[in-house]
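For the protein sequence lines, the chains are A and B, in the order given. To convert, take the position in the first sequence, counting from 1, and add 4; that gives this note's numbering. To convert, take the position in the second sequence, counting from 1, and add 4; that gives this note's numbering.
Careful: at least some of the hints might be erroneous.
A pair counts as met if it fits within one copy or between any two copies, since identical chains are not told apart.
[Stated by the list, open to error] No farther apart than 35 Å at their CA atoms in a straight line, the calculated lysine-lysine pairs in the DSBU-like style are these: (1) K305 / K184; (2) K109 / K79; (3) K183 / K305; (4) K188 / K340; (5) K190 / K14; (6) K91 / K120; (7) K296 / K71; (8) K124 / K91; (9) K310 / K212; (10) K28 / K310; (11) K296 / K46; (12) K146 / K313; (13) K120 / K109; (14) K91 / K28.
Since the hints were made in silico from the structure, they are not lab data.
Protein chains: 2
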Amino acid sequence: MLLEPIRWEKNSIVFIDQTELPAKFRYIRCREIDTLCSAIRKLKVRGAPLIGVAAALGYALAAINSKALTVAGLKKDLKSAASKLAKTRPTAVNLFWALDRMEKKLSHASSNNNVKELRKEILKEALCILDEDRRMCRMIGKNGERLIKNGDKVLTHCNAGMLATAGYGTALSVFYAAKKSGKKFKVYADETRPLMQGSRLTMWELMKNGIDATLICDNMAAATIRDRGITKIIVGADRIARNGDAANKIGTYALAVLARYHGIPFYVAAPSTTIDKNTRTGDDIPIEERNKEELIYVGSKQTAPKNSKVYNPAFDVTPAELITAIITETGVYDIKRFRRI
Amino acid sequence: MLLEPIRWEKNSIVFIDQTELPAKFRYIRCREIDTLCSAIRKLKVRGAPLIGVAAALGYALAAINSKALTVAGLKKDLKSAASKLAKTRPTAVNLFWALDRMEKKLSHASSNNNVKELRKEILKEALCILDEDRRMCRMIGKNGERLIKNGDKVLTHCNAGMLATAGYGTALSVFYAAKKSGKKFKVYADETRPLMQGSRLTMWELMKNGIDATLICDNMAAATIRDRGITKIIVGADRIARNGDAANKIGTYALAVLARYHGIPFYVAAPSTTIDKNTRTGDDIPIEERNKEELIYVGSKQTAPKNSKVYNPAFDVTPAELITAIITETGVYDIKRFRRI
Chain A
5 MLLEPIRWEK NSIVFIDQTE LPAKFRYIRC REIDTLCSAI RKLKVRGAPL IGVAAALGYA
65 LAAINSKALT VAGLKKDLKS AASKLAKTRP TAVNLFWALD RMEKKLSHAS SNNNVKELRK
125 EILKEALCIL DEDRRMCRMI GKNGERLIKN GDKVLTHCNA GMLATAGYGT ALSVFYAAKK
185 SGKKFKVYAD ETRPLMQGSR LTMWELMKNG IDATLICDNM AAATIRDRGI TKIIVGADRI
245 ARNGDAANKI GTYALAVLAR YHGIPFYVAA PSTTIDKNTR TGDDIPIEER NKEELIYVGS
305 KQTAPKNSKV YNPAFDVTPA ELITAIITET GVYDIKRFRR I
Chain B
5 MLLEPIRWEK NSIVFIDQTE LPAKFRYIRC REIDTLCSAI RKLKVRGAPL IGVAAALGYA
65 LAAINSKALT VAGLKKDLKS AASKLAKTRP TAVNLFWALD RMEKKLSHAS SNNNVKELRK
125 EILKEALCIL DEDRRMCRMI GKNGERLIKN GDKVLTHCNA GMLATAGYGT ALSVFYAAKK
185 SGKKFKVYAD ETRPLMQGSR LTMWELMKNG IDATLICDNM AAATIRDRGI TKIIVGADRI
245 ARNGDAANKI GTYALAVLAR YHGIPFYVAA PSTTIDKNTR TGDDIPIEER NKEELIYVGS
305 KQTAPKNSKV YNPAFDVTPA ELITAIITET GVYDIKRFRR I
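Using the sequences plus the hints, can you model the full thing?
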């Protein structure tokens, strides 16, 4: 099964509302950039590569919706759109990478085109980013697949799957490719508090794709590694610094420490758009802190005193020294080799 | 504030329904041993020391309710009651310790007493266990208090508090004693999935007692240790083996590994009734696995596909080598010294 987490259709962006999964599987149509920004902030559309694709499509949507009659007018509208999109979430670099690429396209194409043609060029670039993302994800799977052995028990965290990308996924793409090769292995998925992307999204898509998946709470990872014999850990990333430090969903750093303690490899799978050459080390990656209500309620159920103090970072940074290798669309890079790329 | 999580009142057991906290604070009155067994299984009354006290009171309740006219008849009824209580939860040794002590009392007292007097003796013993638990907890706090320094940031897991005992708590008793001594420190509490004893119970009682407490998700512990500078970890225990291996709420083992990696001390606080000389090592401790629904729903909200495979161990074992010291009512024992006790 290939999911289409996002697509361009009739001058609008259509995407799966990921906050409704797994209870409901439904698409939302988004005709305005403000609606898209709100959807990104609320994690209706999430996952670093998918946020990048959504931002590119959002930029194109703003171009289509712009009433500007001149190139200068369109540029002004797009500047405002890019600024709104950039403010939605701070950690995933794919968002900034996509906006940067769209702005470069605008700048290059604007000299030779009128407003109408420019709009077309911009949409074409956004759709190109979408296609590229899908191709990169497929290649991540092909490259990472050789790391999976028969009998492996692999732990993953959050959702680095089809639902985090334009299709296939990053960490989960490795599983899909390994299954296609006929390998027998088991996956354990951390539920990933507070927003449960592991239990809601990863379990859903792994089961839909016939992968042998078992759900655990995040705090069961250590016992599962030791008592159930986890053989490796594969996760995604929201931003990888030049030195190989990787920001990913909160809880990833803990898994890397556990992998080291138990002597098993720890892999990060991500398209090269996640690697930020402008970020020197993990210390330079901004970490989004989200609101305290995410820890005080689950749905309508109150799970903590209402006036609790809460610390709710959405990501953490895993230092390169705890990462075995980084899997991208161009290959599997031992962390020492990665630093030399 | 001293809570009374359980008490004996008018020939019945009265306890706080801990599944309702923090939204509702209410007591349940329990007149039948079957209701008590169900309450223990459903974690309405939970926490290793408190389960021990509840079992002792349950044994007394069975004695009071017994219609036996002879000592032999009473013994038969109590054997059946003990068997029911023993089957409720397998990991906390305090349960078996309390039943064993009640049975010894019955055996010693039965030769010199008639049925009526025997019932009184049994109730007296149960109330004695309750009082002792409270005294032991208070002493754990006094002994552990010297480990807390001004400026400490201490992480704890699950609920090893007043609500887990007849009063004061174990790990949290250390905080209450340190606060009483005027020390300034902060506590971080893991929410403790799947049943949220950390967010529901620990946050509730720490806040009620004026302790500076901050709630985190379990998967934030590693980042919090590193990025917020946690200085030590203190947890409770459900059973401590002769070699110092300690079973405690799932997730504890992960914290011990994280403490070792970050070079901070890891303490286990428990009354000596939690130490089981009959259990040689952690490998001999039975680990309760609970039902999969605990991970598929939170309240009425579905958080995973309904047919998900789930691994749901309620406890894990932390090897003695990762424990810095064990705090009991008789002192603070460096783990090497503990093994010689």
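Hint-by-hint comparison with the structure:
1. K305 / K184: between (41 Å within a copy, 34 Å between copies)
2. K109 / K79: within (11 Å within a copy, 87 Å between copies)
3. K183 / K305: between (38 Å within a copy, 32 Å between copies)
4. K188 / K340: within (30 Å within a copy, 44 Å between copies)
5. K190 / K14: This pair counts as neither: shortest intra-copy Cα distance 41 Å, inter-copy 55 Å.
6. K91 / K120: within (28 Å within a copy, 76 Å between copies)
7. K296 / K71: This pair counts as neither: shortest intra-copy Cα distance 40 Å, inter-copy 54 Å.
8. K124 / K91: Within. Shortest intra-copy distance 25 Å satisfies the 35 Å Cα cut-off; inter-copy 71 Å does not.
9. K310 / K212: Only across copies: K310 and K212 sit 13 Å apart there, 37 Å inside one copy, limit 35 Å.
10. K28 / K310: both (29 Å within a copy, 12 Å between copies)
11. K296 / K46: both (14 Å within a copy, 28 Å between copies)
12. K146 / K313: Cα proximity of K146 and K313: across copies only (27 Å, versus 45 Å in one copy).
13. K120 / K109: within (15 Å within a copy, 92 Å between copies)
14. K91 / K28: Classified as within; 29 Å inside a copy, 39 Å across copies.
When held up to the earlier numbered hints, the structure conflicts with 5, 7 and fits the remainder.
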